[in-house]
Amino acid sequence: MAAGTGSGSTVSAIFSPVRLWLLLPSWIVIGFFLLVPVLLMLTYSFLTKEFRGGVIWEFSLASYDQFLFDRGLFGDEAPVVKWTYINIFIRSILQAIGATIFCLLIGFPTAYFIATRPIQSRTIWLFLITVPYWVNLLIRTVSMKFLIRDSGPLNELLLYIGLIDAPLHVINTNFAVQLGLFYSYLPFMVLPIYASVERYNFTFSEVASDLYASKVTILWEVILPVVKPGIIAGSILVFVPSLGAFLAPDLLGGAKTFMIGSLIEDQFKGNAGNWPFGAAASMILLSLVLVVLMFYVRAQNKDQT
Amino acid sequence: MIIKTFLSAAALALVANSALAEGKLSVYHWFEYIPAELVEKFSTKYDVDVTVDTFDSNESMLASLKAGTMGSYDVAVPGDYMVEIMVGLGLLDTIAAGELTNINNIEEQWLNVPFDMGRKHSIPYQWGSTSFSVNRDAYSGNINTTDIIFNPPEQLKGKINVLDSQGEVMAMAALHLGIPQCSTDRDQLKSLDALLQSAKENWASFGSDTAKEVLVSGDAAVGMIWNGYGARARAEGANIEYSYPDQGYVVWMDNVVLLNEAPNRANAILFMDFLLEPENIAAVTNYAMYADGIKGSTPFLDAELASSPEHNPRAGSGAGVFVSVCDQATQEVYDQIWTRLRS
Amino acid sequence: MDRTFDIKHYRGFFSITCLCLVILYGPLIIVMIYSFNDSVSITNWGGISLRWYVEIFTGLESAKFKAAAWNSFSIAIMAAIVSTVIATAAAIGMIRGGNFKGKFASFALISLPIMVPEIVTAVATLIFFSTIGFKLGTLSILVAHTVFCIPFAYLPISARLQGIDASYEEAAQDLFANRWKTFRYVLMPIMWPGIVAGFLLAFIISLDDFIITNFIKGAGIETLPTAIFGSVKQGIKPNIMALSTLLLLFSIALVTLSYFIGKRGEANQNTQQ
Numbered sequence: 041m042a043a044g045t046g047s048g049s050t051v052s053a054i055f056s057p058v059r060l061w062l063l064l065p066s067w068i069v070i071g072f073f074l075l076v077p078v079l080l081m082l083t084y085s086f087l088t089k090e091f092r093g094g095v096i097w098e099f100s101l102a103s104y105d106q107f108l109f110d111r112g113l114f115g116d117e118a119p120v121v122k123w124t125y126i127n128i129f130i131r132s133i134l135q136a137i138g139a140t141i142f143c144l145l146i147g148f149p150t151a152y153f154i155a156t157r158p159i160q161s162r163t164i165w166l167f168l169i170t171v172p173y174w175v176n177l178l179i180r181t182v183s184m185k186f187l188i189r190d191s192g193p194l195n196e197l198l199l200y201i202g203l204i205d206a207p208l209h210v211i212n213t214n215f216a217v218q219l220g221l222f223y224s225y226l227p228f229m230v231l232p233i234y235a236s237v238e239r240y241n242f243t244f245s246e247v248a249s250d251l252y253a254s255k256v257t258i259l260w261e262v263i264l265p266v267v268k269p270g271i272i273a274g275s276i277l278v279f280v281p282s283l284g285a286f287l288a289p290d291l292l293g294g295a296k297t298f299m300i301g302s303l304i305e306d307q308f309k310g311n312a313g314n315w316p317f318g319a320a321a322s323m324i325l326l327s328l329v330l331v332v333l334m335f336y337v338r339a340q341n342k343d344q345t
Numbered sequence: 091m092i093i094k095t096f097l098s099a100a101a102l103a104l105v106a107n108s109a110l111a112e113g114k115l116s117v118y119h120w121f122e123y124i125p126a127e128l129v130e131k132f133s134t135k136y137d138v139d140v141t142v143d144t145f146d147s148n149e150s151m152l153a154s155l156k157a158g159t160m161g162s163y164d165v166a167v168p169g170d171y172m173v174e175i176m177v178g179l180g181l182l183d184t185i186a187a188g189e190l191t192n193i194n195n196i197e198e199q200w201l202n203v204p205f206d207m208g209r210k211h212s213i214p215y216q217w218g219s220t221s222f223s224v225n226r227d228a229y230s231g232n233i234n235t236t237d238i239i240f241n242p243p244e245q246l247k248g249k250i251n252v253l254d255s256q257g258e259v260m261a262m263a264a265l266h267l268g269i270p271q272c273s274t275d276r277d278q279l280k281s282l283d284a285l286l287q288s289a290k291e292n293w294a295s296f297g298s299d300t301a302k303e304v305l306v307s308g309d310a311a312v313g314m315i316w317n318g319y320g321a322r323a324r325a326e327g328a329n330i331e332y333s334y335p336d337q338g339y340v341v342w343m344d345n346v347v348l349l350n351e352a353p354n355r356a357n358a359i360l361f362m363d364f365l366l367e368p369e370n371i372a373a374v375t376n377y378a379m380y381a382d383g384i385k386g387s388t389p390f391l392d393a394e395l396a397s398s399p400e401h402n403p404r405a406g407s408g409a410g411v412f413v414s415v416c417d418q419a420t421q422e423v424y425d426q427i428w429t430r431l432r433s
Numbered sequence: 077m078d079r080t081f082d083i084k085h086y087r088g089f090f091s092i093t094c095l096c097l098v099i100l101y102g103p104l105i106i107v108m109i110y111s112f113n114d115s116v117s118i119t120n121w122g123g124i125s126l127r128w129y130v131e132i133f134t135g136l137e138s139a140k141f142k143a144a145a146w147n148s149f150s151i152a153i154m155a156a157i158v159s160t161v162i163a164t165a166a167a168i169g170m171i172r173g174g175n176f177k178g179k180f181a182s183f184a185l186i187s188l189p190i191m192v193p194e195i196v197t198a199v200a201t202l203i204f205f206s207t208i209g210f211k212l213g214t215l216s217i218l219v220a221h222t223v224f225c226i227p228f229a230y231l232p233i234s235a236r237l238q239g240i241d242a243s244y245e246e247a248a249q250d251l252f253a254n255r256w257k258t259f260r261y262v263l264m265p266i267m268w269p270g271i272v273a274g275f276l277l278a279f280i281i282s283l284d285d286f287i288i289t290n291f292i293k294g295a296g297i298e299t300l301p302t303a304i305f306g307s308v309k310q311g312i313k314p315n316i317m318a319l320s321t322l323l324l325l326f327s328i329a330l331v332t333l334s335y336f337i338g339k340r341g342e343a344n345q346n347t348q349q
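Chains as they are written, first to last, in our numbering: chain A, 41 to 345; chain B, 91 to 433; chain C, 77 to 349.
Pulled out of the complex, with its shape left as it was, chain A reads as follows (with noise of 0.2 Å):
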């Protein structure tokens, strides 16, 4: 069943005359509709700002000096680096990786206890792990908020059951954005670890075995090696879109400080309507997502050779 086997491997070219017909509608509609407007979000993060929102079409480079220098409150000082909203990347980049280690510390093993199940009991696993992949990311979200505040069950149940004599503060703290950055994208670590546990032969273990190494030097030197293209793949699928989350940030953070998504989307539809800030911040976060992609595309073709 999978990919590989059968003749459906080597290149079939039955369709290849009408190809270019097949294709055109999906190269239209995503160019024209995503492209295009990615394009033109560039070239937005270089207008001007008009005075109450809108953009006057002149050039300038003030978003991006925005961004980076601070030249004091009337503007005229000598600009000097402004942590701010470097911060405030730093800030979602750390998130985010926190939120991936959490995710692999938990998938992991789950990934890997689901992929050494006989078949039958595997697919009731799976299942139970792609239930909440496909539950509104919303709602997940929300009752993760009724779960963990001041007067929720979780902490009514701490408290009864005595762990705790006060209410545990977590709602509104940057850890509950980490949780719930955790929570969110959980599944997506689970799911590409198992595809590549379950395509492990286990007779390298059974050698390894034999050769007197313990489990744990077998699970860290003879198994991961072998599925880490699966860890990298759940990786990038928790942590990229944990840097531009805006859910999270805003329903369990309180939106006091600002997170990347939180951030772009104040310059559109909150208080601040900077819409060439807004797309230069957006360009920003687009280049360090397409960073990480480079990185990833390099490390599968470094594998596969």
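It should be emphasised that the hints constitute simulated quantities derived from the structure, not laboratory data. From a predicted model like this one, the values you see are computed outputs, not experimental measurements. Hints should not be assumed to be uniformly reliable.
[Said to hold, decoys possible] Taking CB as the label site, the calculated pair distances span:
hint, chain 1, residue 1, chain 2, residue 2, range
1, A, Trp97, C, Leu126, 52 to 62 Å
2, B, Ser397, C, Cys94, 50 to 60 Å
3, B, Ser288, C, Val98, 40 to 50 Å
4, B, Asn232, C, Asp114, 38 to 48 Å
5, A, Phe109, C, Gly209, 26 to 36 Å
6, C, Leu126, B, Lys247, 25 to 35 Å
7, B, Ser397, C, Trp146, 21 to 31 Å
8, A, Glu261, C, Gly122, 54 to 64 Å
9, C, Leu126, B, Gly178, 50 to 60 Å
10, B, Gly248, C, Leu136, 33 to 43 Å
11, A, Asp205, C, Thr119, 18 to 28 Å
12, C, Cys94, A, Arg239, 22 to 32 Å
Glycine included, C-beta positions come from ideal geometry on N, C-alpha and C.
Given the coordinates of chain A, assemble chains B and C onto it according to the supplied hints.
Relative to chain A, chains B and C alone:
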């Protein structure tokens, strides 16, 4: 088979969309600011299908209108200073003399307002004050000072929610420092910036639409809030007291304005006229718990509203002030301070 | 106990798997339970009742929820249909179209909506629509959803197609069937589980979207996520929990459907091979 079912469902969706009520009205409103029953009443009376979208600050409403929703809405409900800004930007349509039959119901003092002399573009909706409420279980000391927000006592630090509303937060900060709004004095502006930066350390969250909820749930012990919204939080069981500080507080009036390029202008006029009827606006007042500026609404108001502590400034409190509109150069500095505060 | 099992088995992994499921399901189950709470307060338990479910359908906000549900489902159905058709064509072109120059670029373009962070797509689309003067409304949401649903529909369809032995089509070609007939009578019956899986995934992705919809929805148009978001900003109310529970059950029904179709597809393929 499945595909056929889906296709027919989709086709049905297209047909059904065109089979709605004859007239339409699109309202851009503050959140939780109009009782659903009243919308229903208007809708039934005039056979108009009303949709209400909500915003949570004057500034975000303006941003959204300028971002391409202008021409989709018929009426909006900006605050006083925002009406002035919108007039300046040419976003508002003019109501011709005689178009509103109930225009004479507007109370004298709200007729010739500085932000819209002679009410050419707007009608009064609600007016009230902006200050803060304090949870009395958390703090029993003196709350008649803006120090509670900007220089809080130890036990309130980290438990303060502040409205995500540039105009009002900056005006409150100016009152706290005793400096004029739209100040151009560099030292005053620097101290304003420094005040907000240091106060932010003690704030837990920014939020307007969450302002009531955080007080009711106890997530915040102090909440900058509008008087009526504070009264509603108290009605929902929060043991809170609304403050009229010594330094003063912000007064505002929200107004229904007629937007340019309104797709359903006639229905917008009907709606405004509807809201000028004492009984209808009283329904808003009873729900939102502020005050309206319409003659003859008093008999329809809940009795306890007039006597509620949120509606009666403390004797000896500071004066209430409206938010001022600054010129571009000054406003850009204020925007800069706000950006620094929020990011 | 045989030795392979022992080698595979790591102590503690079972507990972590259970923990993982508790984390994934805990919040959802709690909300489900509280949606049956009779109390107006979300904190206190006031006995079991269905009042919030009744409220969704008859209460003051019912008109808003109904309109939002209508928008959500009609947009999701249409976006899923269009994107599935486009993705099916693209999958055949990519996987049965032989090797060609720019194959990688074509793949990158088709996957672009997945690679670009959602918030960036939202910003770019808003700027684009506002620049060309495209009026924001249901249509703008539909267009944007169709675009980002294409790769989600493409993935299961192309995966399925890759697993199908090309000899069936080659045999059909040898029997002088034209390309359309080859697709319609040979390829389509084998690949339909992939197409349905792609359709369902696109459907749920469209139904799920909040960020992009929030940016480009026009006046007076709400989808279920934007309506729920607007509502929870002022505090989580019991009726929202009831609404969430209904959506949750709907999602579970869809996954189950998708799962069984996948099963059936596998069985089909196995008998054919």
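TODO: Please write out, lowest number first, the hints stated earlier that are contradicted by the structure.
DONE: Result: hints 6 and 7 break, sorted rising.
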